[in-house]
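Asker: Below, each chain spelled out in residue letters.
There are 2 protein chains.
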Amino acid sequence: MKKEKKENSGKLKIIPLGGLEQIGMNITAFEYEDSIIVVDCGLSFPEDDMYGIDLVIPDITYLKDNIDKVKGFFITHGHEDHIGAIPYVLREINVPIYSTKLTNGIIEHKLREHNMLTKVKRKVVKYGQHINLGCFRVEFIKTNHSIQDAAALAIYSPAGIIVHTGDFKVDYTPVFGDAIDLQRFGEIGRKGVLALMCDSTNAERPGFTMSEKTVGKTFDEIFADNKNHRIIIATFASNVDRVQQIINTAYKNGRKVVVEGRSMVNIIGIASELGYISIPDNTLIDIEELKRYPDEQTVIITTGSQGEAMAALSRMASGVHKKVTIKPNDTIVLSSNPIPGNEKAVSRIINELSMKGANVIFQDVHVSGHACQEEIKLIYSLVKPKYAIPVHGEYRHLIAQAKVAEELGIPKENIFLLSSGDVLELNDEAAAVTGRVHTGAIMVDGLGVGDVGNIVLRDRQHLAEDGIIIVVLTLEGGSGQVLAGPDIVSRGFVYVRGAEGLMDDAKHLLDDTMQHCMDKGITDWGKIKTEIKDSLGDFVWKETKRRPMIMPIIMEV
Amino acid sequence: MKKEKKENSGKLKIIPLGGLEQIGMNITAFEYEDSIIVVDCGLSFPEDDMYGIDLVIPDITYLKDNIDKVKGFFITHGHEDHIGAIPYVLREINVPIYSTKLTNGIIEHKLREHNMLTKVKRKVVKYGQHINLGCFRVEFIKTNHSIQDAAALAIYSPAGIIVHTGDFKVDYTPVFGDAIDLQRFGEIGRKGVLALMCDSTNAERPGFTMSEKTVGKTFDEIFADNKNHRIIIATFASNVDRVQQIINTAYKNGRKVVVEGRSMVNIIGIASELGYISIPDNTLIDIEELKRYPDEQTVIITTGSQGEAMAALSRMASGVHKKVTIKPNDTIVLSSNPIPGNEKAVSRIINELSMKGANVIFQDVHVSGHACQEEIKLIYSLVKPKYAIPVHGEYRHLIAQAKVAEELGIPKENIFLLSSGDVLELNDEAAAVTGRVHTGAIMVDGLGVGDVGNIVLRDRQHLAEDGIIIVVLTLEGGSGQVLAGPDIVSRGFVYVRGAEGLMDDAKHLLDDTMQHCMDKGITDWGKIKTEIKDSLGDFVWKETKRRPMIMPIIMEV
Numbered sequence: 001m002k003k004e005k006k007e008n009s010g011k012l013k014i015i016p017l018g019g020l021e022q023i024g025m026n027i028t029a030f031e032y033e034d035s036i037i038v039v040d041c042g043l044s045f046p047e048d049d050m051y052g053i054d055l056v057i058p059d060i061t062y063l064k065d066n067i068d069k070v071k072g073f074f075i076t077h078g079h080e081d082h083i084g085a086i087p088y089v090l091r092e093i094n095v096p097i098y099s100t101k102l103t104n105g106i107i108e109h110k111l112r113e114h115n116m117l118t119k120v121k122r123k124v125v126k127y128g129q130h131i132n133l134g135c136f137r138v139e140f141i142k143t144n145h146s147i148q149d150a151a152a153l154a155i156y157s158p159a160g161i162i163v164h165t166g167d168f169k170v171d172y173t174p175v176f177g178d179a180i181d182l183q184r185f186g187e188i189g190r191k192g193v194l195a196l197m198c199d200s201t202n203a204e205r206p207g208f209t210m211s212e213k214t215v216g217k218t219f220d221e222i223f224a225d226n227k228n229h230r231i232i233i234a235t236f237a238s239n240v241d242r243v244q245q246i247i248n249t250a251y252k253n254g255r256k257v258v259v260e261g262r263s264m265v266n267i268i269g270i271a272s273e274l275g276y277i278s279i280p281d282n283t284l285i286d287i288e289e290l291k292r293y294p295d296e297q298t299v300i301i302t303t304g305s306q307g308e309a310m311a312a313l314s315r316m317a318s319g320v321h322k323k324v325t326i327k328p329n330d331t332i333v334l335s336s337n338p339i340p341g342n343e344k345a346v347s348r349i350i351n352e353l354s355m356k357g358a359n360v361i362f363q364d365v366h367v368s369g370h371a372c373q374e375e376i377k378l379i380y381s382l383v384k385p386k387y388a389i390p391v392h393g394e395y396r397h398l399i400a401q402a403k404v405a406e407e408l409g410i411p412k413e414n415i416f417l418l419s420s421g422d423v424l425e426l427n428d429e430a431a432a433v434t435g436r437v438h439t440g441a442i443m444v445d446g447l448g449v450g451d452v453g454n455i456v457l458r459d460r461q462h463l464a465e466d467g468i469i470i471v472v473l474t475l476e477g478g479s480g481q482v483l484a485g486p487d488i489v490s491r492g493f494v495y496v497r498g499a500e501g502l503m504d505d506a507k508h509l510l511d512d513t514m515q516h517c518m519d520k521g522i523t524d525w526g527k528i529k530t531e532i533k534d535s536l537g538d539f540v541w542k543e544t545k546r547r548p549m550i551m552p553i554i555m556e557v
Numbered sequence: 001m002k003k004e005k006k007e008n009s010g011k012l013k014i015i016p017l018g019g020l021e022q023i024g025m026n027i028t029a030f031e032y033e034d035s036i037i038v039v040d041c042g043l044s045f046p047e048d049d050m051y052g053i054d055l056v057i058p059d060i061t062y063l064k065d066n067i068d069k070v071k072g073f074f075i076t077h078g079h080e081d082h083i084g085a086i087p088y089v090l091r092e093i094n095v096p097i098y099s100t101k102l103t104n105g106i107i108e109h110k111l112r113e114h115n116m117l118t119k120v121k122r123k124v125v126k127y128g129q130h131i132n133l134g135c136f137r138v139e140f141i142k143t144n145h146s147i148q149d150a151a152a153l154a155i156y157s158p159a160g161i162i163v164h165t166g167d168f169k170v171d172y173t174p175v176f177g178d179a180i181d182l183q184r185f186g187e188i189g190r191k192g193v194l195a196l197m198c199d200s201t202n203a204e205r206p207g208f209t210m211s212e213k214t215v216g217k218t219f220d221e222i223f224a225d226n227k228n229h230r231i232i233i234a235t236f237a238s239n240v241d242r243v244q245q246i247i248n249t250a251y252k253n254g255r256k257v258v259v260e261g262r263s264m265v266n267i268i269g270i271a272s273e274l275g276y277i278s279i280p281d282n283t284l285i286d287i288e289e290l291k292r293y294p295d296e297q298t299v300i301i302t303t304g305s306q307g308e309a310m311a312a313l314s315r316m317a318s319g320v321h322k323k324v325t326i327k328p329n330d331t332i333v334l335s336s337n338p339i340p341g342n343e344k345a346v347s348r349i350i351n352e353l354s355m356k357g358a359n360v361i362f363q364d365v366h367v368s369g370h371a372c373q374e375e376i377k378l379i380y381s382l383v384k385p386k387y388a389i390p391v392h393g394e395y396r397h398l399i400a401q402a403k404v405a406e407e408l409g410i411p412k413e414n415i416f417l418l419s420s421g422d423v424l425e426l427n428d429e430a431a432a433v434t435g436r437v438h439t440g441a442i443m444v445d446g447l448g449v450g451d452v453g454n455i456v457l458r459d460r461q462h463l464a465e466d467g468i469i470i471v472v473l474t475l476e477g478g479s480g481q482v483l484a485g486p487d488i489v490s491r492g493f494v495y496v497r498g499a500e501g502l503m504d505d506a507k508h509l510l511d512d513t514m515q516h517c518m519d520k521g522i523t524d525w526g527k528i529k530t531e532i533k534d535s536l537g538d539f540v541w542k543e544t545k546r547r548p549m550i551m552p553i554i555m556e557v
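Protein chains in written order, with the UniProt record's numbering: chain A, 1 to 557; chain B, 1 to 557.
Just chain A, with the same shape it has in the complex:
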């Protein structure tokens, strides 16, 4: 009854709680009356100025405030920027998680690591299956991506159908399973789609992303060219198809394969158990068995293609890997492109490996998992949405997709470049951003979730730039006379050359400052500290052109 009444006037709210204006931390709420469903629950990695932070998760205050409405999470695929926040968020909002089989396997592994496996309900969904939750119905549609079992979602709401692509590419010849279900996109499009939320990652790139299979051909060539060498290939841990292709080529060439790196071993284990990778008998060997085979009969598949400092390839490159020592005859393949921000780390690895005499191959051994402009046009042309909502990207990527959408004839006013926190209300008659909800990035540092705030970060930045000078002094309780100090200790502040003289001068200066306080009858500790900070700060700036943090500590006996 209620539903009927709202049929034409009700509006759907789309509320991204993260993932816009950045790549990472994808999480979007869909709200209609008393139902909320959430798509994805990802983390992001800390920015360069987030000193000491391990990872960043979305602030889900809005969901907690509406906890009675929240029906479940739908996860499009198993990458960290789509599942990484699950152990943190599901601790606070315990609703079921719906995902495809491999995605669910990866989520289960993650929950197990956090001792939460029994606490969170999970449902495995097949492509084509529809899930009814609240007033929503959600259908999973097969797509292709750099991880298997990726899904687009058709979200049927009383206000209309939303198609969310998830992360996708169009691969007509995938390594495993089927190509993206373009027919279904077309069928749903024919029904009439209210809005398309489409992956923007590669929207700046013209053309079409190549099939994953093309990388297999490249591996065949590399193996043929390097018959007398050990081959070590680094790639993304979660790209099971890539690993499958390396194993296929290794098998054809009679080589044994070692998988190295914790995250890769984990994912290959899950994929293997669930039937997403097929490994010929006697092909995979343990790393301990490596020495029993001649180099030219082995392949090592490893993590660390992004130059991550703790990953296996980094440890090999810097000569601290316990099991693998790089030799001058090794052929090392980086089957990846550097993610923006990782360029220098990747370059460091290439340099280190080259210095050990290895032949490092890093050009044209990778294809992206995201759709380029022609694929984006294809999806728009099948879905033919009324509204376009580019997602999954920094603003530059969103606007690049917006331009593509405009070219395809979608009116500019029907294209929405949302920010995280925007509330987009829409139905067939109108769409507009009508409000904002609280969102944010919660920093995780060690065991602490959200306890590192901006003040702590700012202090860390200050300490990192210029170090700290600590001034301690002991005052007599009654008289306020200086009993000991002021003493000066510094850390992270220059002291190699001439600094001892500098510190002596500083100490004399502080003696004068204290004398000045005494003469003026200044006894308030706050005021004394300010005097110390000001006089020492000016002195240090004049002498060194630096501004270390100055921290006076007063004790009383």
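Simulated from the structure, these hints should not be mistaken for lab results. Among these hints, one or two may not hold up.
For chains that are exact copies, the list does not tell them apart, and a pair is met inside one copy or across any two.
Unchecked claim - Listed below are the simulated BS3-like cross-link pairs for lysine-lysine, each with C-alpha atoms no more than 27 Å apart in a straight line:
no., residue 1, residue 2
1, Lys110, Lys403
2, Lys110, Lys291
3, Lys545, Lys69
4, Lys256, Lys386
5, Lys217, Lys527
6, Lys356, Lys412
7, Lys529, Lys507
8, Lys213, Lys227
9, Lys13, Lys356
10, Lys291, Lys64
11, Lys101, Lys213
12, Lys507, Lys126
13, Lys412, Lys191
14, Lys217, Lys123
15, Lys384, Lys533
16, Lys377, Lys403
17, Lys533, Lys520
18, Lys542, Lys110
19, Lys110, Lys123
20, Lys507, Lys520
21, Lys126, Lys356
22, Lys403, Lys217
23, Lys227, Lys412
24, Lys252, Lys213
25, Lys507, Lys527
Start from chain A and add chain B according to the hints.
Answerer: The following block gives chain B in isolation, referenced to the frame of chain A:
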């Protein structure tokens, strides 16, 4: 006499003091008996983990130890990685500097900023001119690069001729002046060249770097497409030809030009004064005059194409530039590619400008200033050196050039991949690395040169990651009784949530620790500090999984 004796047996030493295994800090000594000449004197920019460091200069201990031999510096061109250390190095080794006119103009400007203009002798050299210094003769040869007046050097030594390309590309149609003097490379090659030291920056790239002129055509198209918009173009301050082409296109389109950003204003000023740029009358206007012209009749050329936080474009993007406010109709061109490491900063700028509604063009509006593989092959084929010494690059780039050299028939044993500090001794009969000299990177932080050492950097890194906890206590001189404290203060360490309880617990723990010291009769301050560090460190790790720096300070009254 001496010379005659050595004619056939004497060996030239080539000693790179920087610039190898990195891009930056180029400086190479050439030594023959009692003569040393030095090519270039550059700085490098700090790595990510060099917190608080402004710039890095080479350690020239070897030159100081051999100061009587050092005859002069030859500078190939005016980029910071070739001239930036001059004000620091010439303070210690005051010998003449030889360079072409524009390079000298830029060096003079730098010396003036450091109040050293009258203290350093400079000689302007023309292409084709030969300079005799000690037992060396040095000829300057015209090349092309992303700054005008770049030179290769032919270094005539008693042991043979060395050709050093400097940074170069082959531009058959340069914007200003002549193309690279390929004939002269051929002539010198015909005489017989002992070694070629060739730019490796682009040695990984196949093909040929496009002419600077092609960017001019791109500007013509961009101006034609954006007739109704203000155009803002960011590029490298020192690329005078690029600026010239923007001015040419602006003039053709009847637009006024503003140059913005201190370093660009400086270089354009120098170039203009020395006749390296020709600006039509009434084209250049002051930034204050901008408001007198309609947007579509203006162009702003600005610094900040690398996303540098303090540069003009960054300030425009973040809305804090005093004179230029970005408007939704602006067309903004990044005429540059991000230098590795700057990708995220550049992306941030693109995002910020796009969010202000500007149309940002950043693809294919730039050409490199460095030779790709086909140009490297051309130079090798003209010079036909006996030995190949790839220079100017990280190891990956050096080895890429080594592969090119090998393809061209240079025997592997005649190709030297040097490290900074290697002493390569060579003559027509043999070449080998025979030793090493001390080299290093000296960090400049504020006014301090070399006073920030590894300990300070490591402390800064520790402080940046986890912050600091300071424990202060006052002891009675005779008894060693605790009179005040232990008190705890922290900076950069978590304290937003639950941390007060944590600090209370820590204080109790430290009371216990001090009691324990007292009971055990521990009075040695060093031991007390160790007890404090250990017990507090364990406690904090257990509670938070973090390891802040712990710094006990004891006072005595």
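Asker: At most 27 Å between alpha carbons: which applies to lysine 542 and lysine 110, within, between, both or neither?
Answerer: For lysine 542 and lysine 110, only the inter-copy Cα distance (23 Å) is at most 27 Å; the intra-copy one is 53 Å.
Asker: With 27 Å as the alpha-carbon cut-off, assign the pair lysine 403 and lysine 217 to within, between, both or neither.
Answerer: For lysine 403 and lysine 217, the Cα distance is within 27 Å only across copies (24 Å; inside one copy 34 Å).
Asker: For the identical chains here, do lysine 356 and lysine 412 meet the 27 Å Cα criterion within one copy, between copies, both, or neither?
Answerer: between (55 Å within a copy, 17 Å between copies)
Asker: First find the shortest C-alpha distance between lysine 256 and lysine 386 inside one copy, then the shortest across copies, and answer within, between, both or neither for a cut-off of 27 Å.
Answerer: neither (53 Å within a copy, 43 Å between copies)
Asker: At most 27 Å between alpha carbons: which applies to lysine 110 and lysine 123, within, between, both or neither?
Answerer: Result: close within a single copy only, 15 Å intra versus 67 Å inter.
Asker: For lysine 217 and lysine 527, with the copy left unspecified, which applies at a CA distance of at most 27 Å: within, between, both, or neither?
Answerer: neither (73 Å within a copy, 65 Å between copies)
Asker: Are the CA atoms of lysine 507 and lysine 527 at most 27 Å apart within a copy, between copies, both, or neither?
Answerer: Close inside one copy (19 Å) and across copies (26 Å); limit 27 Å.
Asker: Check lysine 13 against lysine 356 for me: Cα-Cα at most 27 Å, and say if that holds within a copy, between copies, both or neither.
Answerer: between (57 Å within a copy, 26 Å between copies)
Asker: What label fits lysine 217 with lysine 123 when the C-alpha limit is 27 Å: within, between, both, or neither?
Answerer: Neither. Shortest intra-copy (37 Å) and inter-copy (58 Å) distances fail the 27 Å Cα cut-off.
Asker: Between lysine 377 and lysine 403, at a C-alpha cutoff of 27 Å, which is it: within one copy, between copies, both, or neither?
Answerer: Classified as within; 11 Å inside a copy, 42 Å across copies.
Asker: Reference check for the pair lysine 252 and lysine 213, CA-CA at most 27 Å: within, between, both, or neither?
Answerer: This pair counts as within: shortest intra-copy Cα distance 16 Å, inter-copy 50 Å.
Asker: When Cα atoms must be at most 27 Å apart, do lysine 412 and lysine 191 count as within-copy, between-copy, both, or neither?
Answerer: within (23 Å within a copy, 67 Å between copies)
Hints 1, 2, 3, 4, 5, 10, 12, 14, 15 and 21 from the earlier list are contradicted by this structure; the remaining hints agree with it.
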